[in-house]
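Residue numbers (the numbering used here), protein chains in the order written: chain D, 14 to 258; chain U, 14 to 258; chain L, 14 to 258; chain V, 14 to 258; chain W, 14 to 258; chain X, 14 to 258.
Calculated directly from the structure, the hints in this document are not laboratory data. From a predicted model like this one, the values you see are computed outputs, not experimental measurements. Do not take every clue at face value.
Identical chains blur together in the list; that is why a pair holds if it fits in one copy or across any two.
No more than 25 Å apart at the CA atoms, straight line, and that leaves these computed lysine-lysine pairs for DSS-like [stated by the list, open to error]: (1) 175 <-> 246; (2) 246 <-> 76; (3) 15 <-> 175; (4) 246 <-> 15; (5) 175 <-> 235; (6) 235 <-> 76; (7) 76 <-> 175; (8) 76 <-> 15.
Protein chains: 6
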Amino acid sequence: MKINLVNPNTCQGMTDKIALSAAQIAQPGTEIRAISPEHGPESIECAFDETIAAAALLEEIRKGEQLGVDAHIIACFGDPALDAAREIATKPVIGIAGAAFQLASLVSYRFGVVTTMTRTLPASEHLLQRYGYQHLCSGVRATDIAVLDLESIDRDTYNQLKHECELAIQQDGAEAIVLGCAGMSDLANELSEQLNVPVIDGVVAAVKLAESLHQLNLTTSKSGQYASPLAKKFTGQYQHWTRLA
Amino acid sequence: MKINLVNPNTCQGMTDKIALSAAQIAQPGTEIRAISPEHGPESIECAFDETIAAAALLEEIRKGEQLGVDAHIIACFGDPALDAAREIATKPVIGIAGAAFQLASLVSYRFGVVTTMTRTLPASEHLLQRYGYQHLCSGVRATDIAVLDLESIDRDTYNQLKHECELAIQQDGAEAIVLGCAGMSDLANELSEQLNVPVIDGVVAAVKLAESLHQLNLTTSKSGQYASPLAKKFTGQYQHWTRLA
Amino acid sequence: MKINLVNPNTCQGMTDKIALSAAQIAQPGTEIRAISPEHGPESIECAFDETIAAAALLEEIRKGEQLGVDAHIIACFGDPALDAAREIATKPVIGIAGAAFQLASLVSYRFGVVTTMTRTLPASEHLLQRYGYQHLCSGVRATDIAVLDLESIDRDTYNQLKHECELAIQQDGAEAIVLGCAGMSDLANELSEQLNVPVIDGVVAAVKLAESLHQLNLTTSKSGQYASPLAKKFTGQYQHWTRLA
Amino acid sequence: MKINLVNPNTCQGMTDKIALSAAQIAQPGTEIRAISPEHGPESIECAFDETIAAAALLEEIRKGEQLGVDAHIIACFGDPALDAAREIATKPVIGIAGAAFQLASLVSYRFGVVTTMTRTLPASEHLLQRYGYQHLCSGVRATDIAVLDLESIDRDTYNQLKHECELAIQQDGAEAIVLGCAGMSDLANELSEQLNVPVIDGVVAAVKLAESLHQLNLTTSKSGQYASPLAKKFTGQYQHWTRLA
Amino acid sequence: MKINLVNPNTCQGMTDKIALSAAQIAQPGTEIRAISPEHGPESIECAFDETIAAAALLEEIRKGEQLGVDAHIIACFGDPALDAAREIATKPVIGIAGAAFQLASLVSYRFGVVTTMTRTLPASEHLLQRYGYQHLCSGVRATDIAVLDLESIDRDTYNQLKHECELAIQQDGAEAIVLGCAGMSDLANELSEQLNVPVIDGVVAAVKLAESLHQLNLTTSKSGQYASPLAKKFTGQYQHWTRLA
Amino acid sequence: MKINLVNPNTCQGMTDKIALSAAQIAQPGTEIRAISPEHGPESIECAFDETIAAAALLEEIRKGEQLGVDAHIIACFGDPALDAAREIATKPVIGIAGAAFQLASLVSYRFGVVTTMTRTLPASEHLLQRYGYQHLCSGVRATDIAVLDLESIDRDTYNQLKHECELAIQQDGAEAIVLGCAGMSDLANELSEQLNVPVIDGVVAAVKLAESLHQLNLTTSKSGQYASPLAKKFTGQYQHWTRLA
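Here chain D stands alone, though its shape is the one from the complex:
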């Protein structure tokens, strides 16, 4: 199968890292198209960044559909544009936050989330609510590590991240850790060994769920909320989205 792995952050280093994580865990027959949009913010750290990135990301969902992929993954912990992507895609679309919550809930009673900037906390809380995992989450902790600082992470930054995970375990009662940024994908194994609890990276979780849906022949229901958008006119730089009825 072919997976369209879209990183809505335009930072190429991060996309490369995610591509590597996905490739290492994918089944032999799974091909990964890892891409970031041409347009948009280098990193996503607030509602404004996410709003801009969401529109740009949809272009890559469309390209993936044209390339005949079997599933799409939105590789940013805010799961931006998930509903919109499901509307325009015929194949399943998975967000990495939702994927991580699902697998975390299978291996722990309560999981903690450790993420980047303090101001992204409400976004994580909103995702927990949207997916229904609030009561299974022991808390969300910010490290105030900027997304771009994760690219070539030094020991101090790594230790800062590890320390916040330890607090999640000891103070909040987390039994597993969900990493709250796609850019932490390469750190999951080392952290899990040192912390002695499951550490879940949403990127690889989403790859496994995409493969699972594909093998079960399950795809997005197009009757209802995720039906294709009504044909209509778009103007200006979005006019290529115009479809006539």
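Please build the complex by placing chains U, L, V, W and X on the supplied structure of chain D, with the hints as guidance.
Chains U, L, V, W and X in isolation, oriented as in the chain D frame:
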């Protein structure tokens, strides 16, 4: 004071109608800049439309700030890009759905929402949850009237809308009606007279709340969730958003 | 327009202070009738005080109606007798707690409430739940300043109040402060300047909302929960409420 | 033991009926003081009625304390003034709605509530929320039988009530019925026999709970929310409540 | 009346202690059959213990029915097998946790729960949710005292328990204490005297509720969720449960 | 990898059917041990059946561990004994209801559940709450088809099931269907083709999730709620569970 009234639907006729509603109710010293973005969908009727419109709408928030307005109103019932707009604006930003819920809750125990397409129902429900008004809402009803069909509304369409309001009152127990589309702004008075309950249009509600905040010298708190976005690089068609630290 | 501003605490000094706050912010054509009931507790600080005050307050709502006012405000943070007042009034009735929550939610992501006695905390929590603002409130903090001690507030008491606001901001993540007592109405501006976040006083918030409803020609729906009470016999000191069918 | 059974409706016939129900079920050593206040509405059917009745009811709680009773029961399904009564009493105070919900939840998975007027439905819903029984209630149904019409109930009215109970069982899935008015106290046994499910009257439920608390030597905690009110001045017709510090 | 008091822990000392508590508080005509199952864990301290104990406990419910008891009590704070017991019994079944929550809510605004092992906390939280008392509970605290260590409690262990109760009162705002283990039944009176708040033991609470239901002639509704199980084949060590249709 | 697929219903025909479903969808290297316990009810249709089955099921979890399996699946829609199984197993344990909800939420906005007997509805609702999927479920519908009648399903029974699925789609707004019984596993494909929406069988969903966890090297966190049970004495027919400290 000066209000930046942004209709994220690019349909000019709808913007004109909204401008008229706002002008009729504004206080003498209130000046209204009613505008729709250069880019984006003619009408907003699903998550995809809203995602595209959200990015385009932010350009008009920025222009409003540059023009020195005192408040911004997002004149689309989904309140798209509200958080992002609050981040980039220094002046308060009000969504018309939130505004309508607030005033409806002051004049009724339970209000009903009557909106356009069935597939926008989850958007309304999400807004009720976000603002905390779920328990004060007797239900959301769709008319399946398309947004553009509201532009030059005929008697049949009006009666269809009125009929759904009557069902909200009689079957759901609505004591007031919130109109679920900015394009219904011109119908509130006639409906209220015929239905004999308060009918709340979010556009004029938002104008009054904007004036209230201005007179009380209250504006968005910039300490916390709505602080200005971090400076960073944007690429492609969004590169004008790049700000250097 | 004419606003009936009822302070259910019978303490005259507090009523005078509220009257001043309201007058300073009211529009030119707005006339304020500020009054406290003849009967009832000097200050309201527990459920017992509130229950007694509620019955007495309704007399002033009735008088306001007889005087032809255009809106009523209940100027006590517990919003006592709000439903009962809406039943017997033909004009809108606004509670200052509800009014403050509404405006606070327009200028912050999460607001804190800072109030008087510890034992009033459940009352505030109940109001947040009733109006649906629990998830938008970062917490309610008591100062254990008695209501009457707010009348001629000294520097120590002021600093105590300011300190609790600072804790709300720093420890709870409040981005704006709602003052939890009508008797704090005169302190909002000074606190806002010193704390550098919006500080919302419910009295002036309610005046603006009353003016907004009046200008929009919106009043309490009398079909449903707020219909006039059924005619019936009242005995003893309440016999003047007897109405025959 | 001695129970102060206060019916806040001033209608004497209803008080007599409640007294009889209580007496029939009380243990040999239990003495019942059944009383209605001197002041207030003949019957309680809306928020206004309840607000007036609440203040008047507290006089009877005080008298009961002076008479040395061992427990108080508020015999009106809205449980009016419950918190205030617990503040001024040293002995436990039980509301009949809360009592009925407790026993109903011991003998059914989901119980239905059948009450009087449609406009009292929000009051019942608020009580279910306050006590936490919403998820255990299959629904609240109004009969639109006026409280006073229950006094000398005819067959038609009885059948109307029984029919609504049947709908609660068949359509809502109620497995037991809670009677939503103290004035239905004398009908519980007949209804239970005809409906073949448990029918719970709050008056007798409250008597049993009062006896239980007494035998267990449990009374209201006076540390915290139900501590005695602070001493303060009351004016006018409530001046007898003045207590000096 | 005759009460079947089943302690699903197989530890005889604990059953003896519970029997004594129940006997001391029961009314003259109430006879108590206190028993622990032949099979199962000595003490219940995790989901595994509870799952095994639940199956064994049902044998004693059946024996109680055969002996003609008038009510059953499950004397373990997890209220294990409560639904299953209600299905197979014709007489009411009461769990001690639910019973304690009910009486605690009658004498306090918020109660705290003090229990045994940390890992039983989720069980207590689940019970609070099931019965709807989450919002009336100030928190659940574990003492990490093992159930069997309660048998012959020494001063140090008692003081550890008392200390946790004090923290519940001072830090969490508990106004009453619910003891989270049947094995603490003999400590309620001493704790209450020393802590000066109501301390509720579920065993005696359940006895009083059982007597109340009996006197009111209320028993489990057999129409609906608690109807008798369908007849079917059971194999192996459970084959005696086989019933033919 | 090796999966321990435990059907807690002791009916062998059902276990054979489930084994077939799992085998058809498993990856080449996945070996399935499909088993039902020696003890317990032929089918699980109420809380009593489930309580007995839960204890018996744990024996098979233990045997699976002894056989060195890599994951356990509990193949009954009530997910009985899930927490207990996670405590005693070192490898992940997945319930089929939870698995089905997860995959359904990836391919639809709202899914419906169609299950067997009416009296199992509360069990399904409890599972939705436990896992947090209540708001993503459009409703649970019972067919009143007995579990054993699914074994050799005839056309009438199939059509009854299909009809209830159609009602879920048309009346409740379900966009996908979750089959509420492991015994429906063989019907998912035919139903999906005829209904034109995704139809999710929990058995195959759980197999895919078990494979996913295995490939990601994720297993149950043993620090916290799912730590191994404390060593203690078990008596009677459960004495083999005794472990010494």
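So, going through the hints one by one against the coordinates:
1. Taking the shortest Cα distances, residue 175 and residue 246 never come within 25 Å of each other, neither inside one copy (50 Å) nor across copies (28 Å).
2. Taking the shortest Cα distances, residue 246 and residue 76 sit within 25 Å of each other both inside one copy (20 Å) and across copies (24 Å).
3. In this assembly of identical chains, residue 15 and residue 175 lie within 25 Å of each other by CA distance neither inside one copy nor across copies; the values are 34 Å within and 33 Å between.
4. In this assembly of identical chains, the alpha carbons of residue 246 and residue 15 never lie at most 25 Å apart, being 31 Å within a copy and 31 Å across copies at closest.
5. Proximity of residue 175 and residue 235 under a CA criterion of 25 Å is satisfied inter-copy only: 19 Å between copies versus 42 Å inside one chain copy.
6. In the homo-oligomer, the alpha carbons of residue 235 and residue 76 lie at most 25 Å apart inside one protomer (19 Å), although the nearest pairing across protomers, at 38 Å, exceeds that limit.
7. Taking identical chains as interchangeable, the C-alpha atoms of residue 76 and residue 175 are never at most 25 Å apart, the minima being 38 Å within one chain and 37 Å between chains.
8. For a Cα distance limit of 25 Å, the shortest separation of residue 76 from residue 15 inside one copy, 13 Å, qualifies, whereas the shortest one across copies, 39 Å, does not.
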